Amino acid sequence: MADRDTMVHKRGRIKAKITRIEHFVTANDDNLLIDSNEFVIRETMLVKAYEEYENIQDQLEEIDGSQESDRVEVELQYTSLHSNLKTTISKRLNSEQQGGGESSNVADNSGPSASSSSKVKLPNINIPTFSGKYEEYNSFIELFDSLINCDKHLNKIQRIICLKSGLKDEPLVVSKALQTTESHYDVALEILISYNKPPHSHIRNLLEAQFLKGASPSL
Numbered sequence: 001m002a003d004r005d006t007m008v009h010k011r012g013r014i015k016a017k018i019t020r021i022e023h024f025v026t027a028n029d030d031n032l033l034i035d036s037n038e039f040v041i042r043e044t045m046l047v048k049a050y051e052e053y054e055n056i057q058d059q060l061e062e063i064d065g066s067q068e069s070d071r072v073e074v075e076l077q078y079t080s081l082h083s084n085l086k087t088t089i090s091k092r093l094n095s096e097q098q099g100g101g102e103s104s105n106v107a108d109n110s111g112p113s114a115s116s117s118s119k120v121k122l123p124n125i126n127i128p129t130f131s132g133k134y135e136e137y138n139s140f141i142e143l144f145d146s147l148i149n150c151d152k153h154l155n156k157i158q159r160i161i162c163l164k165s166g167l168k169d170e171p172l173v174v175s176k177a178l179q180t181t182e183s184h185y186d187v188a189l190e191i192l193i194s195y196n197k198p199p200h201s202h203i204r205n206l207l208e209a210q211f212l213k214g215a216s217p218s219l
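Residues 1 to 219 in the numbering used here are what the sequence shown spells out, letter by letter.
What the hints contain is simulated information worked out from the structure, not anything from laboratory work. Honestly, I wouldn't trust all of these hints.
[Said to hold, decoys possible] Calculated cross-link-like contacts (lysine-lysine; reagent style DSS-like; alpha-carbon spacing at most 27 Å):
1. 152 / 176
2. 48 / 156
3. 156 / 91
4. 133 / 176
5. 17 / 156
6. 91 / 10
7. 86 / 133
8. 48 / 91
9. 86 / 48
10. 91 / 176
11. 156 / 176
12. 133 / 91
13. 48 / 133
14. 168 / 156
15. 152 / 91
Since this is a predicted model, take the numbers as computed values, not measurements.
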């Protein structure tokens with residue numbers, strides 16, 4: 001187990017991350033220039049940060065019972081912030097839907113989803129965009145897989161929104177033919193993986209033709 005000072009320092013960094021998310025939500029709640037998916041992704045970041053906080057807090061309380069008061073404070077901050085985020089997401093998605101944007105069920109698996117055609121911004125973790133170039137594939141897929149595809153807190157609809165947000169040029173055109181649904185996430189991944197082939201790969205062309213033949217245009 002790490003020493004107490006190290007754990008307290010780590011806890012402080014996690015709390016700072018939660019506070020940054022809180023500041024973003026407070027500052028941009030009424031800013032309609034901010035895409036709804038900015039809030040969806042920050043909700044995921046918030047949940048992950050709180051899990052990390054609870055893990056380190058459990059260890060601290062084992063060696064110092066007086067640390068429990070910190071948990072109470074952060075728990076109140078987290079529950080209030082998470083509630084505000086869900087309200088903001090629901091409000092924005094309803095507004096986008098009424099405005100003619102595309103929508104699917106997302107966020108908490110019961111509410112409306114973000115527009116799959118909106119320009120989704122991934123978290124501020126410098127994921128490169130992918131334009132279909134063979135040499136770009138590894139750097140994009142490794143980060144996408146670790147940060148989005150393997151994130152158990154994201155459902156498939158949220159993942160396909162994040163995936164589309166990181167594409168441009170040919171891959172983006174191909175992905176727009178897929179509805180933002182759970183079943184089409186696996187299809188989108190198969191097409192993405194096919195780009196790990198030499199340029200003009202016959203296999204890739206066959207995959208795209210096969211999948212897009214039965215894909216409905218996004219609504």
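Verification of the supplied hints:
1. Annotation: proposed proximity of residue 152 to residue 176 holds, straight-line Cα distance about 25 Å (limit 27 Å).
2. Distance check on the hinted pair: residue 48 and residue 156 sit about 17 Å apart at the alpha-carbon level, within 27 Å; holds.
3. Proposed proximity of residue 156 and residue 91 is supported: the alpha carbons are some 21 Å apart, at most 27 Å.
4. Distance hint between residue 133 and residue 176 is fulfilled; the C-alpha atoms sit about 18 Å from each other, no more than 27 Å.
5. Between residue 17 and residue 156, the direct Cα distance comes to roughly 25 Å. Compliance with the 27 Å bound is thereby established for this hinted pair.
6. Annotation: proposed proximity of residue 91 to residue 10 is violated, straight-line Cα distance about 34 Å (limit 27 Å).
7. At roughly 37 Å between alpha-carbon atoms, residue 86 and residue 133 are farther apart than 27 Å, so this suggested pair is violated.
8. Restraint check for residue 48 and residue 91: the C-alpha separation of about 23 Å stays at or below 27 Å, so the hint holds.
9. Annotation: proposed proximity of residue 86 to residue 48 holds, straight-line Cα distance about 15 Å (limit 27 Å).
10. A threshold of 27 Å between alpha carbons decides the hint, and for residue 91 with residue 176 the separation of about 25 Å falls inside it, so the pair holds.
11. Distance restraint check for residue 156 and residue 176: the Cα-Cα separation of roughly 16 Å lies within the 27 Å cut-off, and the hinted pair is therefore satisfied.
12. Straight-line distance between C-alpha atoms of residue 133 and residue 91 comes to about 38 Å, which puts the hinted pair past the 27 Å bound.
13. In summary, the hint linking residue 48 to residue 133 is not supported, as the alpha carbons are separated by about 32 Å, beyond the 27 Å threshold.
14. For the given pair, residue 168 sits about 20 Å from residue 156 by alpha-carbon distance, which is consistent with the 27 Å threshold.
15. Between residue 152 and residue 91, the direct Cα distance comes to roughly 25 Å. Compliance with the 27 Å bound is thereby established for this hinted pair.
Comparing the model with each earlier hint shows violations of hints 6, 7, 12 and 13; every other hint is respected.
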